[in-house]
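Build the complex from these two chains, which are given one at a time in their own frames, with help from the hints.
Sequence order for the protein chains is A and B.
The first sequence begins at 1 in the working numbering and counts up one residue at a time.
The second sequence begins at 1 in the working numbering and counts up one residue at a time.
To be clear, the hints were calculated from the coordinates, so they are not data collected in a lab.
Take the hints with a grain of salt, since some may be wrong.
[What the hints assert, rightly or not] In the EDC-like style, the derived pairs of lysine to aspartate or glutamate whose C-alpha atoms are separated by at most 16 Å in a straight line are:
(1) A/381 to A/354
(2) B/520 to A/678
(3) A/203 to A/190
(4) A/203 to A/176
(5) A/542 to B/473
(6) A/381 to A/343
[What the hints assert, rightly or not] Some residues of chain A that are not near chain B, with every Cβ distance over 12 Å (derived):
(7) 244
(8) 318
(9) 383
(10) 398
(11) 454
(12) 514
(13) 614
[Claimed, not checked] Computed list of chain A residues with no C-beta within reach of chain B, every gap over 10 Å:
(14) 46
(15) 51
(16) 62
(17) 130
(18) 147
(19) 188
(20) 208
(21) 435
(22) 536
(23) 612
(24) 615
(25) 657
(26) 664
(27) 678
Just so you know, even glycine gets a beta-carbon here, dropped at the ideal spot from N, CA and C.
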Amino acid sequence: MIPRKKHTTAPPATPASGAPRAQRTGSRTGHAGERVGGGLFEPKQLLLSLPDAVRKLDPRVMVKSPVMFVVLVGSVLSTVFAAVNPGDWFGWAVAAWLWLTTLFANLAEAVAEGRGKAQADTLRRAKTDTVARRLAGGAEERVPGTELRVGDHVVCEAGDIVPGDGDVTEGIASVDESAITGESAPVIRESGGDRSAVTGGTKVLSDRIVIRITARPGETFIDRMIALVEGAARQKTPNEIALNILLASLTVVFLLAVVTLQPFAAYAHAEQSVIVLVALLVCLIPTTIGALLSAIGIAGMDRLVQRNVLAMSGRAVEAAGDVSTLLLDKTGTITFGNRQAAEFVPVRGVTEAELADAAQLSSLADETPEGRSVVVLAKEKYGLRERHQGELAGAEWVAFTAQTRMSGVDLDDDGARRRVRKGAAGSITAWVGERGGRIADDAADLTERISAAGGTPLLVALEDADGARVLGVIHLKDVVKAGMRERFDELRRMGIRTVMITGDNPMTARAIAAEAGVDDFLAEATPEDKMALIRREQAGAKLVAMTGDGTNDAPALAQADVGVAMNTGTSAAKEAGNMVDLDSDPTKLIEIVEIGKQLLITRGALTTFSIANDVAKYFAIIPAMFAVVYPGLDTLNVMRLSSPESAILSAVVFNALIIVALVPLALKGVRYRPMTADRMLRRNLAVYGLGGLVAPFVGIKIIDLIISLIPGIR
Amino acid sequence: MSPVLAGVLQLLALVAALALAYRPLGDHMARVYSSVRHLRVEKWIYRCIGADPAANLRWPAYLRGVLAFSAVSVLFLYLLQRLQGGLPGSLGFASIDPDQAFNTAASFVSNTNWQSYAGEQAMGHLVQTGGLAVQNFLSAAVGMAVAVALVRGFARSRTGELGNFWADLVRGTVRILLPLSLIGAIVLVACGAVQNFAGVHEVGQFLGGSQQWRGGAVASQEAIKELGTNGGGYFNANSAHPFENPNPFSNLFEIFLILLIPFALTRTFGRMTGSLRQGYAILAAMVAIWIAFVALMMWTEFHHGAPAYDIAGGALEGKETRFGVAGSSLFAVSTTLTSTGAVNSALSSFTGFGGGIAMLGMQLGEIAPGGVGSGLYGVLIMAVIAVFLAGLMVGRTPEYLGKKIGGREIKLAALYILITPALVLCFTAVALALPTPRDSLLNTGPHGFSEILYAYTSAANNNGSAFAGLAADTPWFNTSLGMVMLLGRFLPMVFVLALAGSLAERSPVPETSGTLRTDKPLFSGLLIATIVIVAALTYFPALALGPLAEGLAS
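Okay, chain B solo, but in the shape it has when bound (with noise of 0.2 Å):
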């Protein structure tokens, strides 16, 4: 079978598994949200905190309860790092240097999960366990909290109210995360991840002698790595590592979990709007993107015409031969292209245009199908803006779902996408105008100068990919980083959610002729054109200076 046909076929039982996944756990995810019991456990974790899982928030609650959750998440993985050398389970390594304890902390409860650590030589089974993997559940639940609180925005009428975030949050992990990511480690097991604690093993290599590495709870922690788009690996090659990716089948199916969710939340979407059709059409969107990301990333990665390559059968320097080409595309694609940045081969070894793809796929704001939760406000907002040009144009005052977009909507939507370009952009450009994060290059030139841009993009659109070449771990990267995962998770999230609020106080506007179909192929096509244009037009001239020169140049 040649490698393309292999890719093809892959890509083809993903997608079958995808669907066939879509809408139960779509309409779990609804039940779970609309449903007004509580589980023993859940109520036990509410007296705990000491919430009222009953009382509706109004959005600067809501909020509240976001930015405290999160804050008290980041002080207490940052401690937890700092104090890693006097605590049990360090497995005799020491605390982690302040800028570095801050970037992983700002890292993983933005569910960035970019690491400037190496897991294997700096985490201990503690902070693995106890800390990065919580919040690789917790960040998760947070984001679908807040997506979810935007389809209340929609769903609701003439009341400020959006539910209530810590119910969201304690109902995500418990009823979503939890089960699905026990599923997922065991499938993952079973394909020989490791999961123990038995110490060291010798790992004999393949031109002779030996590696000793250490285990840990990897299986578990890759599962809910890949289903809530996290991407922080247990160990510094990620997914590349045979002990979290032993072979073909886990990585398909690790590609798996990334996509579930993102993807079934559009459905959780239409129910709770009540209109399924609607959540078609977001779903339709994102997967004529990823599709066509696919499609041009393994076109590039397999026909870039050098003798090597062609030897090889395509760029496969920095892939690992047991995903190939293939397989090597079809996860990079859709790490970038959610929020996850985990990683099965080299980025930065991918052709000029290859990273290219890679990091348009986060430029366009991680909305196909996105992270989990953050995805579907990213692209509802996209909606939101798409919805107001081709409102104008039927002549009408634009409103999607039955819900005017006046100048509040339109002014929140705007700010929402004008967050991660300002950051990406700025934070590069301070980078590159300054002597010392130069310094951290390996490259020079135009990939080079995509090693920042990729940095900056990855941290900003709370992705955790990385260009490697770029020495992240000083003062500076971990500092700058750090600022721009939490600006870049937050900030938007305070807008999305002020946004719900002004959605949920509008009465519903009934549908007429005349009204602007929302739920069929013409807007899933416009709503493509506006994230593309949207991304295309503020990221060209950076992507001319780094992959298009790159790409170009040979």
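Bound-form chain A, shown alone (with noise of 0.2 Å):
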């Protein structure tokens, strides 16, 4: 969460606060289930978001929404004509809850932006003016940060505020990114290489950098950050502006089946009030998902800013939904990216227990990741206690060094003297070679067959009484994360295939991709490579989505239609991107892809239940209009509503409140869990479809049994 370390000191008027953190550890787990959940929603935030409501009530906000404009539309004329009647209740009721309707439609809108507004705020305290060193002609001189221009260098020491954006030319320091990352573990920014780039904002804690500024003042990281979270630039997405153009022509054909209603309506000699034809089209019209439709955008895009995602562009989250191949670095994405001990196996006569017990003692010294690995997998998968080097008397130990490529122990067992070693298969050899033992004829069997699978074999030796001989092998290998097959196979059912991208030989990666899963994988990786790959994809019509972080990158990420970069990469990594990873996490592109999908699923699903709403809007309505001159029609008054006024009443109060009622599932988004498409739409048609057909059926009604008990309607 971005500002969320400042959000515990922000004042109150942070309607989001907090709201985030638990959903973020929570997305990182990776277990299936609510995944991609969005924040907590809290009804105060409701309450807050009040006076930005109202404010939005005006016209030319409002007509960027056809539908709800033409409820603002409506909500006037019927305040006109309830004042030419002031005696009638009827009239003012209705006119009230148009005027509620609009209002919590803008209310919906009002909280979604609410959230980024406070984190705005945090980030724009971060951005407090700095005073810039300049560098120019070898000479030092102070200038507001706002006047730096691209290519400008500037010094920064200890305690300085970075004054813009730029990558380091000289030096090495560490930095506070917190401002931005929320990560308060400084970082190490240097020249050259990927790891050079720094942003305006944040605060170099230790040594002198020489930076060159690569951003002009307004345009820095954190201004576009402001802007993103703010909504200032929001665009409308593609697909929001398809539904949109969906949603008005549906409220053109409601608009002319009521106008159209009146003469209908004066034939039958049943000629209706302004009143009763405004609010029946305000019913009619789909105004739940056209009250909550940008809601919906603005909150996916918050989902992805919970997470650290910074999306540039609303249509890369849409297109993240679509994404159908999705590209993956093997080392941190895929793997821990270093080789672990993975099992022992001893060569005939030696069983696994004297294999474990020997390569735990002569691992014992060996410090690297590697020996400690072997160190772990003996406790984990043999019980054995780990040995403290002080506690086995009369031993001398010998260290790795990357020189001999071997470690191990000299023991003094009742005399006798028992060597164990372990190290590279080369080493190894030529130390039982040297003692003059043998080397057992499976040994090269197994190595090879190690290495034919992708890992690295260590051999493990001792020499004893019975003389010096191969004991058995370690088998290192580079391990696959827990929990990825398991992914990768969601990922497959949700028709998206996956590429793993490794400098790896053919044969490492092919092993590796065999056991994380992955659909296939692209061997000693050339970033020419990932390009051509990412071509290929393209040119089969599917949507790339791709991490990256170093300078030669950039192509590819600028390539791939869906580009993460990594906050930790190059400036050019990240301006290639369309969005940026502050915890510089690869997984998350999965989790990128379920918010892009979750996204659609949630305008889909609030559009299909808003439309199936309208059925019983009619039978609520059309009796309650027309029965007077046709009784045969109280027959469509299944609901038995107590009164005309009373159904007309009820049916707009339900269009009112369904509205709020469903401001938390707009914010969150739906449900959303990886499966087949199939089953995804069956379920999601029974709980939105159906749903929608009934709810307002049963709300209408329980609002109808609650006026009628009103004293002096009727």
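Printed below as a string of structure tokens:
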């Protein structure tokens, strides 16, 4: 959470304060189920956003949503006609609820925006006016940060705030980036390589660096972040535009149906009041989705922000839902990135326990991660307690060095000398050979087999009274993170192909790919290979998502439909991608895809719900309008509503309240679980289609019961 | 045998016959529209009209062809009627008045075949056979051409080209409609339909006395009238007339002809898009709606509770006894769910609900199975809308047949579905608000309202059937209905062709397990729901004041 750290101290005017924290940790665990939840929703947010909602009643703002603009016009019309006949409670009641409908729609948007505003405020505080120490012809001059131009060189020393985005050209420094990432541990920034980018607003903690400015003031990363979380830069996404067109045309259809109804009614001698017609119109047009549409979009972006991902455009979030090929870097994403002991394979005549014991003893003096992993494996798999170097009397430790590529221990066992060694195959073979020992026939087979499987073999040897000999092999391998296979299975069900990108040789790559369960791999990958792969996929009209951090990733990031740059990466990479992950966690790509899908599903579900609602409203309003002249039509009053006025008002009230009731769903997004399209459709149709058909019948009936209890009405 | 059982058996026989013809005809039409060869007669026609059948047209050019050809057709038909009095073969009938000539020209070119004239009292052999019957072929071929262009839009990628209108028009006529209507005419003649120029026939009447009827090319016009979902009868009584529709078998055969091409086009669609299953999914939705409407219609017409009906065994008023309630219901549903509009009974005399079912059938957009061509493109537009909603619910940008459905596609589809309701509701409202049109009403109350609503529903959907009781041969109705027919036919075609062009330019998206399957029963169900909900929501208030108020009153 970007501004989370500051949130705890933020003033109460930050509706979203603290809410996303639980979500973010939840999002990391990677369990199936509600993986992409949203922020929590608190009813008091509605109250706090009320002033903003009232401000949004401005017709110039409302006209952007055709559906809600019609409601606004309807509210004005009904108020005018209520004022013409001020003694009629019904007219005033309908007018009041129509205004509430409009207000609720604005409220939904205001609540969604409110969360971003709070985050923007804290970011603004980080972006205090800085004084830059600009280098001009070898001399240093102090200028305001706002006067910096691209290409200027500035100096920052310990305690200085970096005045703008740029690349380090000289020196190395530790930098506190918590203002941007929320992560308090300092990071190292140095000239050259892939860790040269610094961001304006961050603080240099030690040393001195020279920075070449790469962004103009006002266009820096932090500026863009503020604009994004505030929603100022929000543009309607392609899909949102398409949906808006559909909603607008539905509105036109209903407008026609209602406007032409008056002459029909007049022919039947049942002319209707303008208030009733407006009520009918507002109930029919898709107000539910019309009111929540922009809130859904804002909340979708917000869900990414809560996961510390900044999407540079809503288009990218939508594209994420459509991704059909996911390029994942092996190291850090699929595997932990260092080799670990996975099993002990003894040669014939040696038990696994003997080998494990020897392996552990010989690795105690090996402080490399690989050596530690041998000890860990011995403990976890064979229950061998870790022995400390001090507790073995008379032991002589042989530490691992890069020269010997071997570690071990010489023990004094009742006078007999026992030497245990483990190390690279070549080193151990030589060691055994020197001691006139023999190499078991199957040892060579074992090492070959492990190499073939993409692993690294380490030999374990022993010299005691029986002479020197090889006991077996330690299988070191690149360990695939837990749960990756399941995630890839889910992705496959969602119709997404995963491709692992690695610099390893094809043999190793194939083994890891098979273990992780990815669909394909690209071995010995160069940036050009990556680019070619993306182009190839795109030629088949597939949408490609990838992560990257290095400068040489930039072209591929730009080419990919969804390019997630790591915040630790170079500014070139961050510039090229359309999303930045502030946590620099490549596995997040999977969550981004899910958020993109969830965004579309929420829109579709609420649209379906909104349209299905109309059926019940017709059954409430049409008999109320015409049963007077055609008594047979009272048969359609299946809800047995108490009076025509109450029936129409109940439909209007339901229509308004359902918006508020669905605000939490719009902000959180509908529940998303990876499954095939067919199952998902079946489920969502049942919940939102059938639910949308039935819910208003129940809701309108309940409201009617309440209204009919009010004395003086009927 | 009880009349209900007879009705069910007729239905089964019809379904069996349609099922038998489905594959060969659907495949034949796919071959016709995909073939690169030209018949000699076709080459001759292309030379005559100066068209290059090999030119692949983009959508504006294709549309220009459709509109230009139809405009010329309207003009020709108009002049033919206006000059009838001075031309040979007029049988002594005078020239037609301007407003009625316009109405009839618009009606036949738009495949509506609304008739404000009585055939036997106004039109001579030349106009009937040389004008109206010709349009029965050509307007049907135009509809099929537009549908095929849309199918090509789905099937083709990264090109804007939709094929050649002139080739599609000529082939549809020469290789599909002409041979089939030839067979149809022979069968009808065998049944006893009239086909001669032998002058006046003296026909004895049931209660004594006799009538004089002139013959003509009746059977041949009858065949294309049904096959091309036209519906314009040679005689005023349309398919209730014994010369047009002599017996129960010819009745069933005519229903078969009505439904033949519209259903089979789904097979053509599946063939041309490379996935027969996609065609079946569309077919399933069409069949389900059609069967449901038949069942509803039979139920309401058989089980209308009133003493007279109980004695007669159903609502027999306005129905021919030789067809019965079942044969009439089956015909009425099939004619209003397609754009045919031929009638073998008086729709106005159906029960309140029965008339409503006929009206709702048209208001669904005539897509189950719809007119020749227009049914297919109408249902595909609804499929685009259904895919858009459902596609969102599976978390992807919606796609249909591998084509992404974006803002442009939705805009065109939405405009398409807007036009017909706009025409129906606005013109009905204006007609009711004006004093003169109301003078044409024979009835008052809900039924009177239904008469006007039915007229504009029928015209805007290019159906052509009518609630008799409306005196439609007035300048207002001739003019306004003529305009509605033309707008209801050609504006949607503009959007269909624009959509086809837009789709043809898109790259195909490969199908994955994350893609919404559109060849499954679930999708057929969703399509039905979309069609029904869109129509029901649009027309519910109007229907409530007409057929529902009438049906619920008794």
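Against the structure, the hints come out as follows:
With a C-alpha separation of about 13 Å, the suggested pair residue 381 of chain A and residue 354 of chain A falls inside the 16 Å cut-off, and the hint holds. Our distance criterion of 16 Å between C-alpha atoms is met by residue 520 of chain B and residue 678 of chain A, whose separation comes to about 9 Å. Restraint check: the Cα-Cα separation between residue 203 of chain A and residue 190 of chain A comes to about 14 Å, which is no more than 16 Å; the hinted pair holds. Simply put, residue 203 of chain A and residue 176 of chain A have alpha-carbon atoms about 5 Å apart, close enough for the 16 Å limit, and the pair holds.
Simply put, residue 542 of chain A and residue 473 of chain B have alpha-carbon atoms about 59 Å apart, too far for the 16 Å limit, and the pair is violated. Between residue 381 of chain A and residue 343 of chain A, the direct Cα distance comes to roughly 9 Å. Compliance with the 16 Å bound is thereby established for this hinted pair. At the 12 Å boundary, the C-beta of residue 244 of chain A falls inside the reach of chain B, the nearest C-beta of that chain being 8 Å off. The beta carbon of residue 318 of chain A is not kept farther than 12 Å from every beta carbon of chain B, the shortest such distance being approximately 7 Å.
No Cβ of chain B approaches the Cβ of residue 383 of chain A within 12 Å, the least distance being about 43 Å, so the stated non-interface status holds. The Cβ of residue 398 of chain A sits about 55 Å from the closest Cβ of chain B, beyond the 12 Å cut-off, so the non-interface label holds. Distance check for residue 454 of chain A against chain B: the nearest CB is about 28 Å away, which clears 12 Å, and the non-interface claim stands. Non-interface status of residue 514 of chain A relative to chain B is upheld: no Cβ of that chain comes within 12 Å, the nearest being about 21 Å off.
At roughly 5 Å, the least C-beta separation between residue 614 of chain A and chain B is not larger than 12 Å, which violates its mark as non-interface. At the 10 Å boundary, the C-beta of residue 46 of chain A stays outside the reach of chain B, the nearest C-beta of that chain being 26 Å off. With a closest Cβ-Cβ approach of about 33 Å to chain B, residue 51 of chain A is found to remain outside the 10 Å limit, as its non-interface label requires. Annotated as non-interface, residue 62 of chain A keeps its C-beta farther than 10 Å from every C-beta of chain B; the closest such distance is 21 Å.
For residue 130 of chain A, the shortest C-beta to C-beta distance to chain B comes to about 43 Å, beyond the 10 Å cut-off, and the non-interface label holds. Here residue 147 of chain A stays apart from chain B, with its beta-carbon at least about 43 Å from theirs, past the 10 Å limit. For residue 188 of chain A, the shortest C-beta to C-beta distance to chain B comes to about 39 Å, beyond the 10 Å cut-off, and the non-interface label holds. The Cβ of residue 208 of chain A sits about 50 Å from the closest Cβ of chain B, beyond the 10 Å cut-off, so the non-interface label holds.
Look at residue 435 of chain A: its CB is around 59 Å from the nearest CB on chain B, clear of 10 Å, so calling it non-interface holds up. For residue 536 of chain A, the condition that its CB be more than 10 Å from all CB atoms of chain B holds, with the nearest at approximately 13 Å. With a least CB separation of 8 Å from chain B, residue 612 of chain A falls inside the 10 Å interface cut-off, contrary to its annotation. Not every CB of chain B lies more than 10 Å from the CB of residue 615 of chain A, the least distance being 8 Å, so the non-interface label is violated.
The beta carbon of residue 657 of chain A sits about 21 Å from the closest Cβ of chain B, which is more than 10 Å, so the claim that it is off the interface holds. The non-interface label for residue 664 of chain A is consistent with chain B: the shortest C-beta to C-beta separation is roughly 19 Å, beyond 10 Å. The Cβ of residue 678 of chain A sits about 6 Å from the closest Cβ of chain B, inside the 10 Å cut-off, so the non-interface label is violated.
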